[in-house]
Amino acid sequence: MAKQDYYEILGVAKSADEKEIKKAYKRLAMKFHPDRNPGDKEAENKFKEIKEAYEILTDAQKRAAYDQYGHAAFEQGGMGGGGFGGFGGGGGADFSDIFGDVFGDIFGGGRRQRAARGADLRYNMELTLEEAVRGVTKEIRIPTLQECDVCHGSGAKAGTKPQTCPTCHGAGQVQMRQGFFTVQQACPTCHGRGSVIKDPCNACHGHGRVERSKTLSVKIPAGVDTGDRIRLTGEGEAGEQGAPAGDLYVQVSVKKHPIFEREDNNLYCEVPINFAMAALGGEIEVPTLDGRVKLKVPAETQTGKLFRMRGKGVKSVRGGGVGDLLCRVVVETPVGLNDRQKALLQELRESFGGPTGENNSPRSKSFFDGVKKFFDDLTR
Numbered sequence: 001m002a003k004q005d006y007y008e009i010l011g012v013a014k015s016a017d018e019k020e021i022k023k024a025y026k027r028l029a030m031k032f033h034p035d036r037n038p039g040d041k042e043a044e045n046k047f048k049e050i051k052e053a054y055e056i057l058t059d060a061q062k063r064a065a066y067d068q069y070g071h072a073a074f075e076q077g078g079m080g081g082g083g084f085g086g087f088g089g090g091g092g093a094d095f096s097d098i099f100g101d102v103f104g105d106i107f108g109g110g111r112r113q114r115a116a117r118g119a120d121l122r123y124n125m126e127l128t129l130e131e132a133v134r135g136v137t138k139e140i141r142i143p144t145l146q147e148c149d150v151c152h153g154s155g156a157k158a159g160t161k162p163q164t165c166p167t168c169h170g171a172g173q174v175q176m177r178q179g180f181f182t183v184q185q186a187c188p189t190c191h192g193r194g195s196v197i198k199d200p201c202n203a204c205h206g207h208g209r210v211e212r213s214k215t216l217s218v219k220i221p222a223g224v225d226t227g228d229r230i231r232l233t234g235e236g237e238a239g240e241q242g243a244p245a246g247d248l249y250v251q252v253s254v255k256k257h258p259i260f261e262r263e264d265n266n267l268y269c270e271v272p273i274n275f276a277m278a279a280l281g282g283e284i285e286v287p288t289l290d291g292r293v294k295l296k297v298p299a300e301t302q303t304g305k306l307f308r309m310r311g312k313g314v315k316s317v318r319g320g321g322v323g324d325l326l327c328r329v330v331v332e333t334p335v336g337l338n339d340r341q342k343a344l345l346q347e348l349r350e351s352f353g354g355p356t357g358e359n360n361s362p363r364s365k366s367f368f369d370g371v372k373k374f375f376d377d378l379t380r
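Residue 1 is where the sequence shown starts when you use UniProt numbering, and the numbers rise one by one after that.
Keep in mind the hints are simulated off the structure, nothing from the lab.
Fair warning: this is a prediction, and the values are worked out from it, not measured in the lab.
Treat each hint with caution, since some may be false.
Simulated pairs of lysine-lysine, BS3-like, Cα-Cα distance not exceeding 27 Å [as the list claims (entries may be wrong)]: (1) K342 - K256; (2) K62 - K3; (3) K138 - K161; (4) K256 - K312; (5) K315 - K296; (6) K255 - K138; (7) K22 - K46; (8) K219 - K315; (9) K26 - K14; (10) K23 - K48; (11) K315 - K294; (12) K138 - K157; (13) K48 - K26; (14) K23 - K3; (15) K305 - K315; (16) K23 - K46; (17) K22 - K62; (18) K46 - K3; (19) K138 - K219; (20) K219 - K198; (21) K214 - K255; (22) K305 - K256; (23) K157 - K198; (24) K41 - K22; (25) K219 - K161; (26) K198 - K214; (27) K22 - K48; (28) K296 - K255; (29) K312 - K342; (30) K342 - K315; (31) K219 - K312; (32) K198 - K161; (33) K46 - K19; (34) K31 - K14; (35) K305 - K294; (36) K157 - K219.
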């Protein structure tokens, strides 16, 4: 009878990683273990299949052989006579060994805990729009935990070193029995480190780290925007007992600009013009981040019209082309009129043929026509 595929036995895909395989094994092993199914021969056989599949698929060399040759890789004489040996003999790990590995993480078990990597830090940096668009180098000062210069991160007094933990004998773990299997948990004496400090360093009091401030030069690339962050590897807090330091993340925010607003790679600005310029047209100067440029305003320009100035926007830090500057003109009503200006405007209004100026103000005419129709419909 052909043997069932190991991946199918555990219910995982062939691309499953070790974590997924262990999770599937843990679930099935708890369900079919003989201690939970006394006298059930079918459950016992199922458990053996699960265990066999687990042992093969969590061994990188065996899994590679299985993926290439299938079950033939482990039959007598398989793979040119060598094979990997069968199951049921002395080569297989017993149940407690496997469960010590699979369930160790639940009860704090596993191997000796590695010294903790340093914490990552975050620094909020506010930039002007010009700095964000062009790029800038800034110096920042941050408080952090750094490796102790006296003990070099060991936490032990000069001339001494950490001692092997007397409780776990350096393993960092202690075993305890939980029903039918053995689990491990972190040693209560050394908290999983495997060593204890008898004579703490006077400078850091056994922590291996001291509080200090440091100054860093941070290069901000051109084109960054609010929400972007820059990672400085190893510039976070120092790790415990010489472990690697964390990283520093510089979080960027851009101040509101008095003239421009940024949207992706484009810049927007409002340009006020008087109504004479809007009506007759002309040329005005508008600002860009690179200086002033001339903008030609055609006659009869309406308020809200957008003029696009190509290539006057922003080049994103993520690449791509340079954005555009979009100028929105706003027709401004004149204020502080003298008598002559008022008289000229009065003459202009009369020349329009009334308050709506149907021939000269098409939008106004359309609006008032719509208002008239609205009220006519109400009175019917």
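Review point. What are the numbers of the hints that this structure violates, sorted from low to high?
Key: Numbers 1, 3, 12, 20, 25, 26, 28, 29, 30, 36 - these are the hints that the structure violates, sorted from lowest upward.
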